[in-house]
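Asks: Read off the chains here:
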Amino acid sequence: MSAPPSIDREHGLHLLREMLRVRRFEEKCVELYSAAKIRGFMHLYIGEEAVAVGAMGALAPDDAIVATYREHAHALLRGVPAGAVMAEMYGRVEGCSRGRGGSMHLFDAATRFYGGNAIVGGGLPLAVGLALADKLQERSRVTACFFGDGAVAEGEFHECMNLAALWSLPVLFLCENNRYAMGTAIERHESQTDLALKAASYEMTAWTVDGMDVLAVEEAARRALGEVRDGVRPVFLELRTYRFRAHSMYDPELYRSKEEVERYRRRDPIDALIGRLRGEGLLDDGDLEAIEAAVAQEIEESIAFAEAGSLEPVEDLERFIYAEAAPA
Amino acid sequence: MSVAPPTTITYREAMREAIREALASDERVFLMGEDVGAYGGCFGVSRGLLDEFGPERIRDTPLSESAFVGAGIGAAMGGMRPIVEVMTVNFCLLALDQIMNNAATISHMSGGQFQVPLVIRMTTGGGRQVAAQHSHSLEGWLAHIPGLKLLAPATIGDARGMLAPALADPNPVLIFEHAGLYNLEGELPDDPAPVDIEHAAVRRAGSDVTLIAYGGTVPTALRAAEELAEGAGLDAEVVDLRALRPLDDRTVIGSVSRTRRAVIIDEGWRSGSLAAEVSARIMEQAFYELDAPVARVCSAELPMPYARHLEEAALPSAATVVAEVRRLVGANA
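Those sequence lines, one after another, are chains A and B.
In this text, residue positions in the first sequence follow my numbering: the first is 1, and each later residue adds one.
In this text, residue positions in the second sequence follow my numbering: the first is 1, and each later residue adds one.
It is possible that some hints are incorrect.
What the hints assert, rightly or not - One side of the interface only, derived from the structure: several residues of chain A facing chain B at Cβ under 8 Å:
(1) Ala109
(2) Gly115
(3) Ala133
(4) Glu156
(5) Gly309
(6) Ser310
(7) Pro313
(8) Val314
(9) Leu317
(10) Phe320
(11) Ile321
Calculated directly from the structure, the hints in this document are not laboratory data.
Given the structure is predicted, the values throughout are model-derived calculations rather than measurements.
Think of the CB as a built atom: it goes at the ideal place given N, C-alpha and C, for glycine as much as any other residue.
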């Protein structure tokens, strides 16, 4: 008699579907970039999917998300429609930021998605402020703040760790440690490479998680969120992951070896989950084909939506610089 | 209907009353910044407010300008109406990322989905022998940034009246308080009328030249106007810009079109200054109305020296304004 499965089948398939949505969406983005449909800076999350999938699923609908310029995954997983994300990258008015943000600045008020931020560390103070507003208004919401290992070298990181802990603010800090600040390896940009230890020095609960294991991330995020909500205090998770693709579409990847990338690719979080689900008899070829087909259809529809999108009239160039309506 | 008798108060007290009124009338409003609470504010503006409103709403911050300015942005987006005090304009350099890349951009970058109804107050200007790192006038720099609104209260009435409309504005509003104005005394009705924050104001009517000033240079311009009247029989009009972004071109152009001469007095450095912008707008919109080239009286282009006589020589003064007006008029006499 075999051991009972370690995960619920439906939940396992859900996590796999979410990771594949992000992976296939971004693979298509590369094609569309090559075809000049998408321009500007574009940063891919390929290899890091387990982090956003595991963390995002643990958040509640009224929690807030503050993300970075590598945020396609976070937007999609939060529920920003794929068509609105794609249309944004096409620069169309149907995009989630009306074509004014592009790949790095996806925003969506409906899902409390407070944007991709292209200044490394620049989103952290916003997250602290959103959490302060919740605390002052006695709401039990959490603000989830994603950033990379590169942000840890910024002054804003240290200022915000201190402030969030000092004022006991409900922020979940999610450090996506992909080992590189653009092209500078963590050993070359941090005197202390144990990032959870740094956060802990601000009197904050902090621990390190295998960011290539979606189940481990999910479990950690749930536990951390419980502590943030119950204790009304920040928690820091260092999610150790790896970016399989270049930093951006302009990066010739001179700073790391193919062997290193290959070594991490063998720990692909999607392959790992597939292996685990198959090993426990929870996934067969038919399941996988069905998931891939559904994902492919969502992406095709998003492209069709973006292609059919319209351009904002140039007469509207200077709209939204200042608010057009009083805030609620 | 009887009008409330005027009370004499200082600019500092007027500012404090404005903050007190905002806190009392809207529970979303809170004040945060370095030493705003227990210390009472570096310039004494918030003295007494901690006792009255408590530490949640009069919130002392660590010396983390980027974090607390950014937290003000986030809190504004989260439904609060923060007043963030940045002790002095030079410290706002440590928060420029948040001011420029977040506060000023988020409305536009999000296609209008998010707004930042935030007020940032900061002390500006020189004249106190505090040398090169504490004497800046960077209004011109910040006025360069689309998405921000900038106000420079130069009178007791504006110190008292500008905060409420700034807080009601759905955009980030920066208020510059010139350090030299805090002890200014003046009369204020007990029940002051609300002020508008869009228009420049004519502080002294005149017909021979328009002196255009803002913040700390408004009293300088008024002194110069008096000297010109007494010493040269020249009747200067003084325009107080009040709103530095967006600029109220109409009042400026209207005045210059009447007087046909303009001198802009700006404590910022001359090159790339707000004075340069105002000058360009006069050229663009009133070139054919002018009897003389537009003139500027700005700070000398150097880090502010400590020694009193050197600092005085570096800053705009009534005497230099008078000399500049005499030169303009003489050239066309």
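Asks: Taking the hints in turn, state whether each one holds.
Replies: Hints, verified against the model:
1. A least Cβ separation of about 4 Å between A:Ala109 and chain B falls short of the 8 Å threshold, and the interface hint therefore holds.
2. With its C-beta approaching chain B no nearer than about 6 Å, A:Gly115 sits inside the 8 Å limit, and its interface hint holds.
3. The criterion of a C-beta within 8 Å of any C-beta in chain B is met by A:Ala133, whose closest approach is roughly 3 Å, and the hint holds.
4. Against a cut-off of 8 Å between C-beta atoms, the interface hint on A:Glu156 holds, since the closest Cβ of chain B lies about 5 Å away.
5. Hint status for A:Gly309 relative to chain B: violated, with the closest Cβ pair at about 13 Å, above 8 Å.
6. At its closest, the beta carbon of A:Ser310 sits 14 Å from a beta carbon of chain B; the interface hint therefore is violated under the 8 Å criterion.
7. Evaluation of the A:Pro313 hint against chain B yields a violated restraint, the C-beta minimum of about 14 Å exceeding 8 Å.
8. Of the supplied interface hints, the one on A:Val314 is violated, with its beta-carbon coming no nearer than about 15 Å to a beta-carbon of chain B, more than 8 Å.
9. Hint status for A:Leu317: violated, given a least beta-carbon distance of 10 Å to chain B, over 8 Å.
10. At a threshold of 8 Å, the smallest CB-CB gap from A:Phe320 to chain B is about 4 Å, leaving the interface hint in force.
11. The restraint placing A:Ile321 at the interface with chain B holds, with a minimum CB-CB distance near 5 Å, inside the 8 Å limit.
In this structure, the hints that do not hold are numbers 5, 6, 7, 8, 9, in rising order.
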